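Protein chains in written order, with the working numbering: chain P, 1 to 101; chain G, 1001 to 1660.
Calculated from the structure, these hints are not laboratory results.
Source: prediction; values computed, not measured.
Check the hints yourself; a few may be wrong.
To be verified - Some but not every residue of chain G turned toward chain P, in silico, with C-beta under 7 Å:
no., residue
1, Y1634
2, Q1636
3, T1637
4, G1638
5, V1640
Said to hold, decoys possible - Computed Cβ-Cβ distance ranges for the label pairs, DEER-style:
no., chain 1, residue 1, chain 2, residue 2, range
6, P, L78, G, A1651, 20 to 28 Å
7, G, A1644, P, I3, 31 to 39 Å
8, P, I3, G, V1648, 51 to 59 Å
9, G, G1616, P, I84, 45 to 53 Å
10, P, I50, G, Y1634, 40 to 48 Å
11, G, V1645, P, I50, 22 to 30 Å
Said to hold, decoys possible - Short derived list, chain P residues pointing at chain G, Cβ under 10 Å:
no., residue
12, F23
13, L24
14, F25
15, R27
16, A29
17, I30
18, L89
19, T90
20, I96
21, N97
22, F99
23, K100
24, Y101
Don't be surprised by glycine CBs; every beta carbon is placed ideally from N, CA and C.
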Amino acid sequence: MEITLNWYLTLSALLFSMGVLGFLFRRNAIVMLMCVELMLNSVNLSLVAISQSLGDSAGLILVFFVMSVAAAEAAVGLALVIAIFRNKLTIDITKINLFKY
Amino acid sequence: MEPELLIKLVILLPLLGAAFTGLLGLFVPSFRSREGVISSIATSMVAIPFLITLFLFLNFEGDAIVADAFIWFAAGELSVSFAYRIDELSLLMTLIVTGVGGLIHLYAVGYMHGDDGFWRFFAYLNLFIFAMLNLVLGNNLVVLFLGWEGVGLCSYLLIGFWYKDLKNSAAANKAFIMNRIGDFAFLLAMFMIFKEIGALDFDSILTDGLTMSEGTIYLIVLLLFIGATGKSAQIPLFTWLPDAMAGPTPVSALIHAATMVTSGLYLLARLSPLVLMADGIMALIAIVGAITALVAATIAITQNDIKKVLAYSTVSQLGYMFLATGVGAFYVAIFHVMTHAFFKGCLFLGSGSVIHGMHEVEHELAHDGHGHELDPQDMRTMGGLKSFMPATRTTFLISTLAISGIPLLSGFFSKDEILFKAFEAGMFGFDAGWFVWVIGLLTAFLTAVYMTRAYVLTFEGEPRWPHADTIRPHESPWTMTVPLWVLAGMSVVGGYLGIPAVIAHGELNWIHHWLAGENGPVSEAVFDGHVGLGMEWGLIVLGSLIALSGVLLGWTWYSRHGLSFDEKISARFGRLYKLWQGKYYLDEAYDKAVVRPMIGAAENGLAPFDKYVIDGLVNFVGFFTRGASFTLRYMQTGLVHSYAVAIVFGAVLLIWLMLF
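Build the full structure now, drawing on both the sequences and the hints.
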């Protein structure tokens, strides 16, 4: 059985949905960051697949940008999590709600 | 040297002088007290242009020369350049402006000595000369208007020169605002001319402009005349001029007697061919001029402030000039401008010299601790000054006789010519001519009376200030008396430039040939016939008799009865005198009719509108934002999840919209 573009896109959509749902329903900040990574990489996957099927390398270049942004985001995000943990001794996101009305 | 280059020099030197004294005085405080440097620079920046103009005048060959400096601005069809015109009219006016102006600069050196604003005063004066030269030399209406506004500005600055007294600032404001009314009409006239012929230079206006439709010309001339009534202080806009006496006396002499106030007449004379085509407006000009002359003369009789008498006298004489303009004798109006510049300049400077002397008296009274207060301009506290100030007295007397029209002095020639022209106009079909002639004669008599009154009350009789036996005023320094003597001399001989037509059939009437000759710049009304020689002699004798009787009666009344004669006049004329004394209640009427309604409308209409509508709108925006955010702020839960849900929904919504 040949693996067509649709397979890749279906996998990408599944991974993205898992990321979204994880972000919405988990309360652990680190897990939420991981969910964001999952969403980014699912998009990467679809980019690579479409780029391959069209024979256009522009999508591949975009992937590198996404990866570098993801790396930076992870670094900043984790640093924030550590800083918050030192202050409040928790990383439960529902407990961190100072920035409200 | 080429005339084009020289005329630019004439224009530029006063501007340089103003910039030099003004800027250096502004930024270098130690320069301000260098009176010698300031005054010599400022005076020479007017004297040199005078000499240059004299050179141009003597070498003038009869063809107008236009010196085009550079294009000021150009937009579409309109192109306006800084162009200056040398012809008979502008040369004569420039000579008056720089000549009389130079003398008054010299006079001001003595008069303003020791004033804190010495540098400021001379910077303004030079700036005024620059603006006035733009006015009389400009070759198009735009440059003329630049000068027109420039002199208005300088007049404002100099009336309010002693600005620490609120009264002076108010007078300056009044002058400026009343002038704006006239300026607006002038602007409208300019717009109309441009709309009709597409150009604003005098050559085009006086060729293409004459082909405009009759109604248009009427309207344009009317608007120009309204402009002239503002600047030249005619009914209904003359009330600013007497108030303008709040400025230093040299300013009154230069701006409010000799030069600026005559610019309306210059404007009408410059456009005389156009004005002549609107005969209905001409009649209006003549009547307004005559009534102004009479009204101002009757007020002048009742005034006690020496400068106020001269101010109303100026308004009255300006009325005379408009009278001449209205009967189509433009060159006579300019002739009277010139002679008036001499004798009224001399009278004002003489009054300044008197005030200078009376200041001394005021000063000593204040020091002696007598507790007396003295108004140095009030003639009721003067008297007998002839033995203290002989030079001032002699020159004042000469110019008083000249303005009264005593034969063979300058005022006689110009005033007689005006009355003759009015008579001629009346005789040959110009209906208003008779009316203005009669009023002119009446005013001539009044002029002689009130000027003699001013002279007698000031210089003759016994001194009336307190402690007159010990406190004595002194004659002014030479910088003040030399200009007086020169101007008095000109008031004597200036009239011989316009010897009336009874002698040698007008061959000797130089000013007529110069201004209104074959190629002259000034037109004049042409009548169907001529007044006979005998009739003209008769008119001259009549004019002389009126002037002589005015002076003699004034002299006997006031030297015999002194101040108390005013009460006799008051008793004789009753309520009429009250009307004169109250200046026809024009200020009060304007206050009631214009100023108060305006203030009322502002207070009751505009102020609430501003407070409730404009401010209300602004405040509503603020209140609305506050009210809305009071409920909307609960959307900010601080929970990351709620924001994430919003983002997801938003993204889904966007994709939905894009796909379907």
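Against the structure, the hints come out as follows:
{"no.": "1", "hint": "Y1634", "result": "holds, 6 Å"}
{"no.": "2", "hint": "Q1636", "result": "holds, 5 Å"}
{"no.": "3", "hint": "T1637", "result": "holds, 5 Å"}
{"no.": "4", "hint": "G1638", "result": "holds, 3 Å"}
{"no.": "5", "hint": "V1640", "result": "holds, 5 Å"}
{"no.": "6", "hint": "P:L78 to G:A1651: 20 to 28 Å", "result": "holds, 25 Å"}
{"no.": "7", "hint": "G:A1644 to P:I3: 31 to 39 Å", "result": "holds, 33 Å"}
{"no.": "8", "hint": "P:I3 to G:V1648: 51 to 59 Å", "result": "violated, 30 Å"}
{"no.": "9", "hint": "G:G1616 to P:I84: 45 to 53 Å", "result": "holds, 47 Å"}
{"no.": "10", "hint": "P:I50 to G:Y1634: 40 to 48 Å", "result": "holds, 43 Å"}
{"no.": "11", "hint": "G:V1645 to P:I50: 22 to 30 Å", "result": "holds, 29 Å"}
{"no.": "12", "hint": "F23", "result": "holds, 6 Å"}
{"no.": "13", "hint": "L24", "result": "holds, 6 Å"}
{"no.": "14", "hint": "F25", "result": "holds, 8 Å"}
{"no.": "15", "hint": "R27", "result": "holds, 8 Å"}
{"no.": "16", "hint": "A29", "result": "holds, 8 Å"}
{"no.": "17", "hint": "I30", "result": "violated, 13 Å"}
{"no.": "18", "hint": "L89", "result": "violated, 18 Å"}
{"no.": "19", "hint": "T90", "result": "violated, 14 Å"}
{"no.": "20", "hint": "I96", "result": "holds, 8 Å"}
{"no.": "21", "hint": "N97", "result": "holds, 3 Å"}
{"no.": "22", "hint": "F99", "result": "holds, 5 Å"}
{"no.": "23", "hint": "K100", "result": "holds, 3 Å"}
{"no.": "24", "hint": "Y101", "result": "holds, 4 Å"}
Violation of the numbered hints given earlier is confined to hints 8, 17, 18 and 19; the remaining hints are satisfied by the structure.
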